[in-house]
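Based on these hints, arrange chain B on the given structure of chain A.
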Amino acid sequence: MPLKKDEWLALEKKAFELRNLCLDTTYWAGSGHIGGGMSVMDMMTVLYHKYMRLDKNNPNWEDRDRFVMSKGHAGIAYAPVLVDFGFNDPEQLKTFNLTNSKMGIHLDANKVVGVDASTGSLGHGMSLAAGMALAARMKGKDYKTYCILGDGECDEGSNWEAAMTIAHYKITNLICFVDRNKCMIDGRTEDVMKLEPFCDKWRAFGFEVKDIDGNNISELCDAIDEALANTGDKPYMIVANTLKGCCIDFMEDDYHWHYGALNEEKYEQAKKSLEAAYKKRCERAQKEGL
Amino acid sequence: MAGGLTYTAVESTALSTAEYYGKALVELGEQHDDVVALTADLGKSTKIGMFQEHFPDRFFNVGIAEQNMFGVAAGMAKAGMVPFLSTFSVFASLRSADQLHTDICYQNVNAKIIATHSGTSFGQAGSTHHAICDMAVVRSMPNITLICPADGMETVNAVRAAYENPGPYYIRINRGFDRVLNSSTDYGFEVGKAIELHEGTDITVIACGSCAFQALQAANFLENADGLKVRVLNMHTIKPLDKEAVVKAIGDTRRIITVEDHNVIGGLGSAVAEVVAETGKGCAFKRLGIQDQFAPIGLHEDIMSILGIDSNGIIAAVRETMKADFELDDDWDDET
Numbered sequence: 001m002p003l004k005k006d007e008w009l010a011l012e013k014k015a016f017e018l019r020n021l022c023l024d025t026t027y028w029a030g031s032g033h034i035g036g037g038m039s040v041m042d043m044m045t046v047l048y049h050k051y052m053r054l055d056k057n058n059p060n061w062e063d064r065d066r067f068v069m070s071k072g073h074a075g076i077a078y079a080p081v082l083v084d085f086g087f088n089d090p091e092q093l094k095t096f097n098l099t100n101s102k103m104g105i106h107l108d109a110n111k112v113v114g115v116d117a118s119t120g121s122l123g124h125g126m127s128l129a130a131g132m133a134l135a136a137r138m139k140g141k142d143y144k145t146y147c148i149l150g151d152g153e154c155d156e157g158s159n160w161e162a163a164m165t166i167a168h169y170k171i172t173n174l175i176c177f178v179d180r181n182k183c184m185i186d187g188r189t190e191d192v193m194k195l196e197p198f199c200d201k202w203r204a205f206g207f208e209v210k211d212i213d214g215n216n217i218s219e220l221c222d223a224i225d226e227a228l229a230n231t232g233d234k235p236y237m238i239v240a241n242t243l244k245g246c247c248i249d250f251m252e253d254d255y256h257w258h259y260g261a262l263n264e265e266k267y268e269q270a271k272k273s274l275e276a277a278y279k280k281r282c283e284r285a286q287k288e289g290l
Numbered sequence: 291m292a293g294g295l296t297y298t299a300v301e302s303t304a305l306s307t308a309e310y311y312g313k314a315l316v317e318l319g320e321q322h323d324d325v326v327a328l329t330a331d332l333g334k335s336t337k338i339g340m341f342q343e344h345f346p347d348r349f350f351n352v353g354i355a356e357q358n359m360f361g362v363a364a365g366m367a368k369a370g371m372v373p374f375l376s377t378f379s380v381f382a383s384l385r386s387a388d389q390l391h392t393d394i395c396y397q398n399v400n401a402k403i404i405a406t407h408s409g410t411s412f413g414q415a416g417s418t419h420h421a422i423c424d425m426a427v428v429r430s431m432p433n434i435t436l437i438c439p440a441d442g443m444e445t446v447n448a449v450r451a452a453y454e455n456p457g458p459y460y461i462r463i464n465r466g467f468d469r470v471l472n473s474s475t476d477y478g479f480e481v482g483k484a485i486e487l488h489e490g491t492d493i494t495v496i497a498c499g500s501c502a503f504q505a506l507q508a509a510n511f512l513e514n515a516d517g518l519k520v521r522v523l524n525m526h527t528i529k530p531l532d533k534e535a536v537v538k539a540i541g542d543t544r545r546i547i548t549v550e551d552h553n554v555i556g557g558l559g560s561a562v563a564e565v566v567a568e569t570g571k572g573c574a575f576k577r578l579g580i581q582d583q584f585a586p587i588g589l590h591e592d593i594m595s596i597l598g599i600d601s602n603g604i605i606a607a608v609r610e611t612m613k614a615d616f617e618l619d620d621d622w623d624d625e626t
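Each protein sequence line maps, in turn, to chains A and B.
Residue 1 is where the first sequence starts when you use my numbering, and the numbers rise one by one after that.
Residue 291 is where the second sequence starts when you use my numbering, and the numbers rise one by one after that.
The following block holds chain A by itself, in its conformation from the complex (with noise of 0.2 Å):
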């Protein structure tokens, strides 16, 4: 079911906010994954504004939902959002990269409040997301896990193993996504190492699988609330089917931007793709949401 008209402009309009920041960013840093980045936004955007249990005044909070960027190199979207919430000092974006920041490439869960796992090598983000999930189960906890992957992550075995064990426990107050955008360092997925049929390799290892558009809000909304909802003994797996570089119209699809600099004159063009791309997203919440 669409998100009413409300919700959902409020959430693009932090979407919005978000990846501006992200561009803000890159720019400061002077170069970023600033493709995973904002192909990745809409999911950080929805799971930090509108299901995830936090208490701003206590990041640590025993009680809070956990989440891991499993694709670790996504930290320049991820710090904008941890920073955005109230968890870090703004100011802390603009040494981004710089020797001794507390932020860098890969966030640092002892140095960035808000960080729930340490990441960057790839392959390992759902084998942790897992042990916290089973952590809760065995604490009596109700917090929930959520894990985001790259999908040229899951070329890494190690996923397969961990998706192995949360079939075999029925770990299903964890909840993963993948960032599925069709791009990694070298070229496109299915020309470096094909993934497809990738959703039914999911299906075959026990998953239930929702295959949406990752860029739209309510489409990400539904399969959240679905998975939610789930009462059986089967994980959920969204795949979230996105665009490198979503909003910023020289970036889209095009796996150059996996890594890429910023000039003065591209960071500008980047925040005028950006607002217009805000409006279209803005005419179809008004359009499609109830």
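Rather than coming from a laboratory, the hints here were simulated on the basis of the structure.
As the structure is a computational prediction, the values presented were derived from the model and not from experiment.
Check the hints yourself; a few may be wrong.
[As the list claims (entries may be wrong)] Here are the in silico distance ranges between beta carbons for each label pair:
hint : chain 1 : residue 1 : chain 2 : residue 2 : range
1    : A       : W28       : B       : P530      : 38 to 46 Å
2    : A       : T95       : B       : G570      : 37 to 45 Å
3    : A       : G232      : B       : Q321      : 35 to 43 Å
4    : B       : T418      : A       : G157      : 17 to 25 Å
5    : A       : K111      : B       : K571      : 38 to 46 Å
6    : B       : G570      : A       : W28       : 42 to 50 Å
7    : A       : K287      : B       : D323      : 52 to 60 Å
8    : A       : N60       : B       : P530      : 26 to 34 Å
[Claimed, not checked] Far from chain A by the CB rule (all over 12 Å, computed), these chain B residues:
hint : residue
9    : Q342
10   : Q414
11   : N514
12   : G517
13   : Q581
14   : D582
15   : I587
16   : E591
17   : A606
Beta carbons are placed, not taken as given, at the ideal position from N, Cα and C, and that holds for glycine.
Same frame as chain A, now just chain B:
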């Protein structure tokens, strides 16, 4: 470290080292609700399966998937549990090295790796199952404590210490039975503090794991046969190393031999050599262990003999090292 776990004299020779570990872990599980155990299809072999019999809800066999096991354990630790993980040392240190490095050491989580079948103790399985570089790998990772217990009682002490002290622990124990060095757990075990098994002023043998017993036997023999006073240190903790004991040994005996069931590169011998070199003091020095080669197939005691890390090998090395020449004066300044 007096504890509740006691053994009869019969048990102390009838239990394998891993069985001591299993009993100690069950005891911890009874005392603490946050202890959880994980294995990768080696519950029986590593004896972590003893925990499963008592606490099935706190035991997870993740199948033959070591990388995943380390990640799951790190996640559990992040959420307040105290996971104990067991697989063979060769897999714990190599197959899942990335997860050990990033998920456990970098995040500095409270996870305890009890790695069995260390060194050449699974001798007949060949080099795919010998752990000859695990200490080198683990020692170079920040935040982790590395212990190589000499026998079953020391394993119990190490496992208890691992629970009591926060942060990552890697404890490497042998497959099968170790010669008994300690008849109880009450002998003053302390993480990071070497234990003097035999007094001596002529030469110091620094050993860990099953080599500690062999070193003690060698010292007793050399005292009777050659009149040599061999100091024997059981250096159960490889990291943090008891540097004070090494420096004292240099000053008191000026001859040091290290003995380990591990490659001489990167393990106990290297750790002691680093201390010796940094003191700038003259000291005859020799490393016994696996001489940068893959070990043969065979019974553990036979392999130890072939490698020269049994009592006979240590006796020969001591006699050789006693011939080493160095300045006999007490003027250290001209050597620094």
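Falls inside 52 to 60 Å, the C-beta gap from A/K287 to B/D323?
-> Taking Cβ atoms as reference, A/K287 and B/D323 lie about 54 Å apart, which means the hint holds.
Given the range 26 to 34 Å, decide if the beta-carbon distance of A/N60 to B/P530 lies inside it.
-> Holds, at about 28 Å.
Can we trust that B/Q581 is non-interface, i.e. its beta-carbon lies farther than 12 Å from all of chain A?
-> At about 33 Å from chain A, B/Q581 clears the 12 Å cut-off, so the statement holds.
Nearest-CB test (12 Å) between chain A and B/Q342 | Its Cβ never comes within 12 Å of chain A, the nearest being 14 Å, so this holds.
Lying within 17 to 25 Å: is that true of the beta-carbon distance B/T418 to A/G157?
-> holds, 19 Å
Hint says 42 to 50 Å; check whether the CB-CB distance for B/G570 and A/W28 agrees.
-> Given about 48 Å between the Cβ atoms, the range holds.
Grab the minimum beta-carbon distance between B/D582 and chain A and tell me whether it stays above 12 Å.
-> holds, 29 Å
May I ask you to check that B/N514 keeps its beta-carbon over 12 Å from the closest beta-carbon of chain A?
-> The claim holds: B/N514 sits with its nearest Cβ about 55 Å from chain A, beyond 12 Å.
Compute the least Cβ-Cβ separation between B/Q414 and chain A, then decide whether it is above 12 Å.
-> The claim holds: B/Q414 sits with its nearest Cβ about 28 Å from chain A, beyond 12 Å.
Holds or violated: 38 to 46 Å for the Cβ distance of A/K111 and B/K571?
-> holds, 40 Å
Please settle this one: B/I587 was flagged as non-interface, so is its CB more than 12 Å from every CB on chain A?
-> Nearest chain A Cβ is 29 Å from B/I587, so the label holds.
Cβ-Cβ distance between A/T95 and B/G570: within 37 to 45 Å?
-> holds, 41 Å
This entry satisfies every hint, going by the numbered hints stated previously.
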